[in-house]
Amino acid sequence: MGVVDIGFGLLIIIAFIDYEKIQVVVLGVALFMMVFYSDVKKVILNEYRAFFHGKER
Numbered sequence: 783m784g785v786v787d788i789g790f791g792l793l794i795i796i797a798f799i800d801y802e803k804i805q806v807v808v809l810g811v812a813l814f815m816m817v818f819y820s821d822v823k824k825v826i827l828n829e830y831r832a833f834f835h836g837k838e839r
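Residue numbering for the sequence shown follows our numbering, starting at 783 and increasing by one per position.
Because the hints were derived from the structure by calculation, they are not lab data.
On a predicted model such as this, the values are computed, not experimentally measured, just so you know.
Please note: incorrect hints may appear among the correct ones.
[Unchecked claim] Ranges between beta-carbon positions, derived for each pair:
{"no.": "1", "residue 1": "His835", "residue 2": "Ala797", "range": "43 to 53 Å"}
{"no.": "2", "residue 1": "Asp821", "residue 2": "Ile796", "range": "35 to 45 Å"}
{"no.": "3", "residue 1": "Val808", "residue 2": "Gly836", "range": "36 to 46 Å"}
{"no.": "4", "residue 1": "Phe834", "residue 2": "Val807", "range": "32 to 42 Å"}
{"no.": "5", "residue 1": "Gly836", "residue 2": "Ile804", "range": "37 to 47 Å"}
Ideal Cβ placement from N, Cα and C applies to all residues, glycine included.
Produce the entire structure from the sequences given, and follow the hints as far as they go.
In structure tokens, the structure reads:
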């Protein structure tokens, strides 16, 4: 859950940034970390489980 917290921290920082280009980049990173990281983590965990199950047989 640490990465999600970092994402929310970046969203808060955005509120204090005036320079638009930096704002867009930080917003993109924050959304990427919050939305995609949790999905990627699930996929990686599933791949590891499948891999180790295959080895046991």
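These are the hints, each one checked on the structure:
no.: 1; hint: His835 <-> Ala797: 43 to 53 Å; in the structure: holds, 46 Å
no.: 2; hint: Asp821 <-> Ile796: 35 to 45 Å; in the structure: violated, 22 Å
no.: 3; hint: Val808 <-> Gly836: 36 to 46 Å; in the structure: holds, 41 Å
no.: 4; hint: Phe834 <-> Val807: 32 to 42 Å; in the structure: holds, 38 Å
no.: 5; hint: Gly836 <-> Ile804: 37 to 47 Å; in the structure: holds, 46 Å
Checked against the numbered hints given earlier, this structure breaks only hint 2.
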